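Heads up: the sequence lines are chains A and B, in that order. This note's numbering numbers the first residue of the first sequence as 1124 and each following residue consecutively. This note's numbering numbers the first residue of the second sequence as 1124 and each following residue consecutively.
Among the clues, some could well be false.
Identical copies go unnamed one by one, so any copy, or any two together, can satisfy a pair.
Under the rule of at most 20 Å between Cα atoms (straight-line distance), these lysine to aspartate or glutamate pairs were calculated in the EDC-like manner [to be verified]: (1) Lys-1159 <-> Asp-1169; (2) Lys-1159 <-> Asp-1329; (3) Lys-1159 <-> Glu-1553; (4) Lys-1390 <-> Asp-1581; (5) Lys-1152 <-> Asp-1169; (6) Lys-1148 <-> Asp-1169; (7) Lys-1152 <-> Asp-1173; (8) Lys-1182 <-> Asp-1291; (9) Lys-1182 <-> Glu-1604; (10) Lys-1128 <-> Asp-1517; (11) Lys-1128 <-> Asp-1505; (12) Lys-1637 <-> Asp-1517.
By construction, these hints were calculated from the structure, which means they are not laboratory data. No experiment lies behind these values; they were computed from the predicted model shown.
Protein chains: 2
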Amino acid sequence: MKLTKNTAGRRVPDIVNGVAQTPYKGAGKFAPTGTKAAPPIRAAQDYPADGDKRVPSIKEALERAGLADGMTISSHHHFRNGDLLMVPVFDAAAQLGLKNLRWFPSAAFPCHEPIIKHMESGVISHIEGSLNGPLGRFASEGRMNGTAVLRSHGGRWQAVQDGEVHIDLALLAAPTADPFGNATGDRGPSACGLLGFGLVDSLYADRSIVVTDDLVPFPCVPWQIMGQNIDYVVEVDQVGDPSKIVSGSTRLTRSPDRLYIAELTAKFVRAAGIMRDGFSFQAGAGGTALAFAIYLREMMQEAGVKARFIRGGSTKYLVEMLEEGLTDFILDGQTFDLEGVRSMRENPGHIDTSPFTSYNWHGKGNFASMVDVVVLGATEVDLNFNANVVTHSDGVMLHGIGGWQNCLASACTILPIPSFRDRIPIIVDEVTTLCGPGELIDVVVTERGIAINPLREDLIQATRRSGLPIKPLAQIKAEVEALVGGPPQKPALADEVIGIVKWVDGTVLDSVFKIEAN
Amino acid sequence: MKLTKNTAGRRVPDIVNGVAQTPYKGAGKFAPTGTKAAPPIRAAQDYPADGDKRVPSIKEALERAGLADGMTISSHHHFRNGDLLMVPVFDAAAQLGLKNLRWFPSAAFPCHEPIIKHMESGVISHIEGSLNGPLGRFASEGRMNGTAVLRSHGGRWQAVQDGEVHIDLALLAAPTADPFGNATGDRGPSACGLLGFGLVDSLYADRSIVVTDDLVPFPCVPWQIMGQNIDYVVEVDQVGDPSKIVSGSTRLTRSPDRLYIAELTAKFVRAAGIMRDGFSFQAGAGGTALAFAIYLREMMQEAGVKARFIRGGSTKYLVEMLEEGLTDFILDGQTFDLEGVRSMRENPGHIDTSPFTSYNWHGKGNFASMVDVVVLGATEVDLNFNANVVTHSDGVMLHGIGGWQNCLASACTILPIPSFRDRIPIIVDEVTTLCGPGELIDVVVTERGIAINPLREDLIQATRRSGLPIKPLAQIKAEVEALVGGPPQKPALADEVIGIVKWVDGTVLDSVFKIEAN
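Using the sequences provided together with the hints, build the complete structure.
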């Protein structure tokens, strides 16, 4: 694995898991060529005329789908930490004696820790997908056989669509489905809202299996996943635990500092003239972003301003705004709580989207760039506004990218972050891992003040007389370092690449390095 | 052009419009290989970040899309005889000096007669698509440069999906759209219901233009057509005249004979045990099929039977059944009247479908085969239950195939037809043009009696004691011939192929021959 410096000045490998890579060229600079991936042509005569594609068990479905050594299995993460499907799937694969599988989830969570044993035994070669928690640590310690490949939600669609990742078999957990394979996430005892993260899998995989705990007579309406793309349907007792969709990162913050940051962010949006009739915003699921939405809602009510659309992940706070008439639409990519699920089922203005509609950079545009302002988190930011979301200051890879990179296409990207966490400054000389180029990040809001990217002369002008505590990022950095006694320690990293961070166009933005053994 | 006999015994050409053809192999016998068509990869940086893809005129959109000599332009026919888009499009192409274009509509109607001049001048080389009325006659007379290629709705999807027809530029008439290109047919002053016939075009064409007379702010919801597949948006004064969606063939019959046939058909469905709780049916838009639905509704009410779904084309009669609770769903492919349009917009149980969901034979199944009984028209039937829908007894090609071939996948296919029209018998020794193989056609209902295909021993058994006038097809044929003075004259046809009839799998089922000059 040879490392070369890309346009962002980061060292990235030329070959990853046997596949040649293109180094990052700059935002919007890589011009793709060629054609999209082309799935095999199927014929209706090879499927049951009565539409009944049920098979008795996951194990039998894996066998009938022709699962073989070295193949790629994909799955979606709409249940987040409540997924109950993929551990049994890989247990069944192990029983079948399979080896060297690649798992291509849209994200893995702490609930997937039991899968580590299948990596250790060789059933799974490696995982390509967001690795949250224990699986991320496993990779960071250099214990995974292959290299982790971190992609944004849009980047995952792009990779499949462009043929960079070929899915042999998609496993699609479905809260409700019919025997033909039509499936939806918005109803049933395990309702998780929508299934957009599994849509590209259903479209491009050679074979697809829908697994459900709520089988209804044909037709299952809505059909977020279409039976015409499905080979087999399996019934199980429980496909997912929606109560575990809400995780620590999707709860409203109670920290006074973070509430202050959230309020400051909302005030900035108002002062910059972004909060006007017909505007749009997206706020991530982090606690501070949720609080931002609540402050913004109050300001919108006061000013009598109505949004045209809000981009989800949805929460009860966004649902309340929709139901109060503060927005015409929620365009939702994932529901973060059960109120989001209910609203998606009940409100005609609560629209389900997919990474194709929202984020895919290799389409004829997408929704992300039409959002007036997006509010996101970060683990680190540097003085050039470059930001990190996947590694912590100790270098351990603990988070996926989610839609974060895709959202940077917004007209205004704001990162409301505390200036330090556990006495470790967040504003650094150079981010441990580059996930978002500074040219796309417009504002950093901390409890010590607001820093505007010098590239955004328009925002600087618009907020000049706002009375908000606007100051250079370097000044905030200096203040924090004075307070905590200097810049943070660099993480102890080996010169061994254990993962890469893809940019939204499939090029390699940065490498993630192995952490040194303690 | 060499003609060889296919499995059905029909003479078909080996090459059509320069493309090698596969002769029909039998229903469900052709096994496709290879992969689906792969559209070019696009990049969001080449589209406006604010999502505004508007250009001032159709002509400018054609130029910006790079329309060039020899290219293929596609369009949908949801406005049927009320389309106002394609005549101006080809007028603009003529103004641009373009030559040798191929038009690939989902269907052409009498309103497109002005396009004949562009075929005569060489702007258009030929049309591939259903040719209703004057354009069909133009082709039948041998006056079109290329060969007509008639496909079913599902066959059109299959042809594009499988790469048999490459669309350079799709023109999509849209009753409502936003500047990003999201579009819907269910609302706006020109609402036509849905846009499913243009969906495959938007997915696979190199370039796509949405043309609308009702531009709304982003997002246009629902997005039956997704802006992520659209290059340009053009506003015009009027995109279509929905009052002309209803044509002669979609009005309820008043003929006592045909009403009797319709009633007999409904009685047969009841007697055969098909009309039971949770069943499904599809009735075409012909006057007799509409009357059948009305008789069936009465029988369902009497018996207290509720359908699970009815397949549209929708009409006010089906909408009434949905709103009366006689069915859970209408799964609709095209709205045949304005009540259908309203219902699609208002009723959660009125679901829009596309040829992919309903008909495409080269998917992992489709809806058509799950329909318990389908009631269709025909221009001719022979003693082997083979049927014709595209040519009349004089050999003139006047109709498209529509979804007719696709519907033959139903568990029970019934053709209610008069035994003669204008003193010309409909039951013949050999159909002029073979559109549907007899093995897939189960019952022929005429005013002289009901003939059941001998292959359907189950239906024969089920209706043995029904008291219905069941008799052999040959007997009905003999009765009619005795009445009108013998079998009909064979049409006067030259040995020159002016069109082909594709089967649902892309193979060539039959040829359409030039009519002899009078």
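Each hint, compared with the structure:
{"no.": "1", "hint": "Lys-1159 <-> Asp-1169", "result": "between (25 Å within a copy, 17 Å between copies)"}
{"no.": "2", "hint": "Lys-1159 <-> Asp-1329", "result": "both (15 Å within a copy, 12 Å between copies)"}
{"no.": "3", "hint": "Lys-1159 <-> Glu-1553", "result": "neither (36 Å within a copy, 46 Å between copies)"}
{"no.": "4", "hint": "Lys-1390 <-> Asp-1581", "result": "within (17 Å within a copy, 74 Å between copies)"}
{"no.": "5", "hint": "Lys-1152 <-> Asp-1169", "result": "between (44 Å within a copy, 10 Å between copies)"}
{"no.": "6", "hint": "Lys-1148 <-> Asp-1169", "result": "between (45 Å within a copy, 16 Å between copies)"}
{"no.": "7", "hint": "Lys-1152 <-> Asp-1173", "result": "between (50 Å within a copy, 18 Å between copies)"}
{"no.": "8", "hint": "Lys-1182 <-> Asp-1291", "result": "within (16 Å within a copy, 44 Å between copies)"}
{"no.": "9", "hint": "Lys-1182 <-> Glu-1604", "result": "neither (56 Å within a copy, 62 Å between copies)"}
{"no.": "10", "hint": "Lys-1128 <-> Asp-1517", "result": "neither (23 Å within a copy, 74 Å between copies)"}
{"no.": "11", "hint": "Lys-1128 <-> Asp-1505", "result": "within (19 Å within a copy, 74 Å between copies)"}
{"no.": "12", "hint": "Lys-1637 <-> Asp-1517", "result": "within (11 Å within a copy, 79 Å between copies)"}
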